[in-house]
Every structure is written in C-alpha cells, then in structure tokens.
Amino acid sequence: MRTTFINTLVELARDDPSIFLITPDLGYAVLEKFAKAFPDRFLNIGIAEQNAVGIASGLALSGYKVYMYSIIPFVTMRCFEQVRLDIAYMNTDVKLVGVGEGYSYGPAGATHHAIEDIAIMRVLPNMKVCCPGDPYEVRKIVEQSAEIRGPMYIRLGKNNEPTIHNTTDNVTIGKASVLRSGEDFALVTTGNMLELGASWVREWEAQGYNPEFVSMHTVKPLDKDIITSLIARNMNIIALEEHSVLGGLGSAISEVIAGFNTEVKLIECGIPDIYSHYVGSGKAIAAHYGLFQIPSVKDVGL
Amino acid sequence: MHEKKMNDTCKELRKSVLDMMHYSKSSHIGSCFSIIEILYTLYFEILNTRPANLNDPNRDIFILSKAHASAALYATLAFKGFFPRGWLKRYYIDDGILPGHLDRDAVPGVECSCGSLGHGLPIGLGMAIAKKTKNASGKVFVLLGDGECNEGSVWEAVMFASTRKIDNLVAIIDFNHLQGMGADVIDQANLSERFSAFGWHTEVVDGHSIEALSGALLSGSPGKPLVIIANTVKGKGISFMEGKLEWHYKSPNDQEYEQALRELEKS
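Read top to bottom, the protein sequences are chains A and B.
Take the first sequence: its position 238, counting from 1, is numbered 238 in my numbering, and each next residue is one higher.
In short: position in the second sequence from 1, add 302, done, that's my numbering.
The shape of chain A in the complex, shown without the other chains (with noise of 0.2 Å):
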C-alpha cells in the first residue's frame, strides 16, 4: 500500500505543483522517489513531530496541499493537539497518511501498532478518515484525496498487500464499496481486513449461504445510506477491523444502527481493549489472543 501511495502521489505532484510532502524522519526507501523528483516540495522535518504538523498546517495556509507521511501513532498521537488544532481547527488542507494499521508493525511491538487511531482521528470535527483496503482503494483514494480541500486521515497497512478489487470497480471518498450483493447477512470491512472478509466469504459462499460484501474504505464521513439499506433489507452486519472495538468502524456503524427501532443485531470483530504483549508477526498476535476469528452462521442469526 505504501508503495501505491507513493507512485500515486509522484504522479500527482507532476501535474499539480500545489503537493508538498513533509516527514518526521520516517520513509527510508519509500519516500526517495518523491524527493527526487520534486526537492523543493518534499521536507524531512527531523523527529520532532510536533514541529512537522505545525509546519504542515503553515504551507497550507500558504495555499499548499500538504501530505504528512509516517507510522501511525507518529503522525496521530504523538502530535494530537496540533492535528486538533493547527489542521481540524483551522480546516487546513492536510492529509496525514499513515502507515502500519493494527498489528502490522507486529514484532516491533505495541509502541508501533495502530489500534486507537480511527476513534481518535474520526472524532475531529472537518476531519475524513479513510482506510483504504488493498492496492487499488489506495490509488483511488490518494487521487481523490488531492480535489478534495481540507484535512483527511489516510491509514494505511505496509507493503504486499493484494488486490481484492477488480479493476472497474467504483470507490468513491465517502460512499461504501459493495463487493459482493448478497441477502443472508452482511461482511462490512475497513482497511486491510478487507484481504481477510474476502476469504470469509469465499467460505460462507462454498457454506452456500450468500452474504453482501461491503468495503467501508471511508468511515468518516460513514456512507450512512449503505447501513440504512442493510437494516431496510433486515440483514445483520458484521463489522471487521483491525482496531479497538472501541471507537472505530464497528462504532460508526452502531451509531447509526441506533437511530432505527430495528433488530438488525451488530457483530463486531476487532481488536478487545487491550495492549499486546505478544511478541510475533500481526497474524501471530491475532492467532495469540483469539481475534478475527470467523463468525458461525448461527452466530449471525441465520
């Protein structure tokens, strides 16, 4: 994914001389090719994150559009209040793009993974928050990014991912991605999870049972109309992340959920209120503590 965002916004910045890019240090064999081609729009701010959005929001103010890149919790937690204030706030058009979403920085331990940051980010008044779920959502997500003014969180995992999409399929900033229609029950993922729900389905398909399945690349703003055609249609929802069950993908859609008098009920699959201390690869970790397992039938409803 990272290497998508990249080659994405190299070819951005060639026609729009407005792209700047800034990094807190973080990108060593990523970010070369950008620098390269455009020296006087890329900075390398030094670890001093603070300091990189300040800056991000002071070229924005000067009419640049400005991508911050690093690891999640260095670009989200780190430099909360600046991203509160110095881009929310003032409605500054940055994007932050970070990478290693959930467990994906795995061994490196809890210090590197990405578990909060959806709940923090979409909390932001004017802020979006997009999770885009294989190569080709990152390509279309980072080339709406650019035409759409003001600030927005692009999570992303690492590298290797593969393409679950084909390639005519229609993601849009904002409005969900079905991949597949369906009317048993309802699969709906955000980011790199969407790797993962496609071999549920896959295996719910071979059960002979039909389910929808939904790509929720931007939980922020949620496409509510999706959710609301799901409990129109009386189908229960499944919601996959690789983040707390507090505050992300799975909230957003209970909040909407919990405007209708429905009994559509609401799995939520994620990561429980807790800090690994697991030493292991993502998928290790998730083997450790039981996660993304995938939900029987019965539990469903069916």
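No wet-lab data here; the hints were simulated from the structure.
Just so we're clear, the structure is a prediction, and the values are computed from it rather than from any experiment.
Take the hints with a grain of salt, since some may be wrong.
[What the hints assert, rightly or not] In silico DSSO-like links for lysine-lysine, alpha-carbon gap of 27 Å or less:
(1) A:Lys36 <-> B:Lys327
(2) A:Lys36 <-> B:Lys467
(3) B:Lys327 <-> B:Lys526
(4) A:Lys298 <-> A:Lys265
(5) B:Lys327 <-> A:Lys33
(6) B:Lys391 <-> B:Lys568
(7) B:Lys391 <-> A:Lys36
(8) B:Lys436 <-> A:Lys33
(9) B:Lys434 <-> A:Lys33
(10) B:Lys317 <-> B:Lys526
(11) A:Lys298 <-> A:Lys220
(12) A:Lys158 <-> A:Lys36
[Unchecked claim] Which bits of chain B does chain A cover? Going by a derived footprint, with three or more residues having C-beta under 8 Å, they are:
(13) 316–330
(14) 491–504
(15) 516–523
[Claimed, not checked] Label-pair ranges, simulated between beta-carbon atoms:
(16) A:Pro17 <-> B:Gly482: 43 to 51 Å
(17) B:Glu548 <-> A:Tyr289: 48 to 56 Å
(18) B:Asp397 <-> A:Pro107: 52 to 60 Å
(19) A:Arg149 <-> B:Arg387: 56 to 64 Å
(20) A:Pro107 <-> B:Leu520: 51 to 59 Å
Each residue gets a CB set at the ideal place from its N, CA and C atoms; glycine is no exception.
Given chain A's structure and the hints, the job is docking chain B onto it.
Relative to chain A, chain B alone:
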C-alpha cells in the same frame, strides 16, 4: 512629535484593553500590557500588513502565539482598521465576535488560530518556508511568551529553522518573567544564549522601547532566523499591576478600573 504620537497610541491601546477586560469581566490584562509596545512597533512601524493586502503572498505575516493576550491584538487591529473599533465591545461575552483565544475565522487580520501554547512558531515556520519555496517576499513574525518557551514544540521549530537557514522568520519573546504559577518555574536566565547556541541571530532589548524594538526588528544576519528577547514588565503602565502575577487572572473591578484609567490618562 512622532514620539508623542507613539506614546498616545500605546496609551489608547492600553485603554481599549482595559475597557475590554472590565466590560467582559475577563483577564490576562497583565499579559496584554507587556506586549503593547511590541504590537505598536510591529503594526505601526514594521509590518507590511494592511486590511487591503491580506491576500498578498508578499505581505508580512504576524502570529500571536501567546494568544491569551488576544485583547491587545484585537485593539491594535481595530486601530489599524482591520475591523470596526465598536467590535471591541464584543470580546469574551455572549454573542461575541472576539474569542478569548484566537480564531482566524473570527475577524480579518488574525492570520492563525492560537491559544494552546507552542503552536505559533511551527506554523509560522511553515509559512516562512512556503514564502521561500514560492520566492515570495515579506517575513513571518511570531510573538511568544517566555513561559511558552517551556513547550518542547518551540524548540523543535527553533532547531529546524536554523538548520534550514530560514532567515525570513522572526521570533519575539515577551520576557516578562511571570508564567502560570509564578517566576523561575523553568530557569530561563540564559534564554538568548540558548537561541544563539541553536544558530539564531539574537537581540536583547527593552521591550517597552519602540526605538529599540524597531532597531532590533530590522536587524538580523543572512541565513539565520532572528529572535528578539524583549525584556518586559507584566502589567506595564499600571502601578498596581506591574510585575504582579495575579493580573494574569484578575479582572479589574470598578474601583481598579477607575484608578487604572486615571493612571493611564496621567502618563
């Protein structure tokens, strides 16, 4: 003649701030009075910033990072015609126009929302870098408090500005020696040496002398950001407020208001 006009204007600015604080029953009056001469010097002597050129990329930009002293900036902007002076009555009250801390959407002339300390210098640095990248003229001036220099983000910006030789950035430190809960919370006796050590051109001046401030603001060295350590007195101009921490928090009652007004009129 010019000197009399300067003094009269500073007196009028202090009276405006006093009125605003008394009317709205709000405070930070001490923090406002320590920066009156600094704001006067900037807006009446130095800045190429006018209501008519706010969209000119070559204008000078001023950021009040110690934005709890917003009332002093509002008074100055109103005097310079950025908005009607009548709006000063609508500071810090219900259905107000002017918030206690700065919101750039509130009125013309406020270039940056500020209020949480340690934000203005990084943002100003970003603006100064943008000017260089776009080959735009003009400078970016950021006014900080000495207490604000406790914030780590200030020093992140200080280091990067000198590394990148951002010499169109000017920081002014309102060195009034009093912060939230008193003096000497953090030892800053060698503040100017600290800036020098980080590669800045440093000037130390009397922060209530317009002549000294003007000279310092026009100085500098090519390739270096400039900092002016302005030695000031918190509450300057009112005998019972000068150097008193409580005037960070207190609003003048009717009697104190009358006395302060008398002192200003006699000065």
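Verification of the hints:
Using a Cα cut-off of 27 Å, the hinted pair A:Lys36 and B:Lys327 is violated, with the two alpha carbons roughly 56 Å apart. Of the supplied pair hints, the one linking A:Lys36 and B:Lys467 holds, its CA atoms being roughly 21 Å apart against a limit of 27 Å. Proposed proximity of B:Lys327 and B:Lys526 is contradicted: the alpha carbons are some 43 Å apart, above 27 Å. Under the criterion of a C-alpha separation no larger than 27 Å, the hint pairing A:Lys298 with A:Lys265 is consistent with the structure, at around 12 Å.
Proposed proximity of B:Lys327 and A:Lys33 is contradicted: the alpha carbons are some 57 Å apart, above 27 Å. This hinted pair checks out: B:Lys391 and B:Lys568 have alpha carbons roughly 24 Å apart, not beyond 27 Å. Between B:Lys391 and A:Lys36 the CA atoms are separated by roughly 54 Å; this puts the pair beyond 27 Å, and the hint is violated. In summary, the hint linking B:Lys436 to A:Lys33 is supported, as the alpha carbons are separated by about 22 Å, within the 27 Å threshold.
For the suggested pair B:Lys434 and A:Lys33, the alpha carbons sit about 23 Å apart, so the restraint of at most 27 Å is met. Restraint check for B:Lys317 and B:Lys526: the C-alpha separation of about 37 Å exceeds 27 Å, so the hint is violated. For the proposed pair A:Lys298 and A:Lys220, the alpha carbon gap of about 31 Å is over 27 Å, so the pair is violated. Only pairs whose Cα atoms come within 27 Å are accepted, and A:Lys158 paired with A:Lys36 is accepted, the gap being roughly 22 Å.
Coverage of the segment 316–330 of chain B by chain A is violated [criterion: at least 3 residues with CB-CB distance below 8 Å; count 0]. Residue count for the segment 491–504 of chain B with a Cβ under 8 Å from a Cβ of chain A: 0. That is fewer than the three needed, and the coverage hint is violated. Check on the segment 516–523 of chain B: 0 of its residues sit with their Cβ under 8 Å from a Cβ of chain A, so the three-residue criterion for coverage is violated. A beta carbon spacing of about 44 Å between A:Pro17 and B:Gly482 agrees with the range 43 to 51 Å that was offered as a hint.
In this structure the hint that B:Glu548 and A:Tyr289 lie 48 to 56 Å apart at CB holds, the actual value being about 54 Å. The beta-carbon spacing between B:Asp397 and A:Pro107, approximately 57 Å, falls within the hinted interval of 52 to 60 Å. A beta carbon spacing of about 34 Å between A:Arg149 and B:Arg387 contradicts the range 56 to 64 Å that was offered as a hint. For the pair A:Pro107 and B:Leu520, the beta carbons lie near 56 Å from each other, so the given range of 51 to 59 Å is met.
Comparing the model with each earlier hint shows violations of hints 1, 3, 5, 7, 10, 11, 13, 14, 15 and 19; every other hint is respected.
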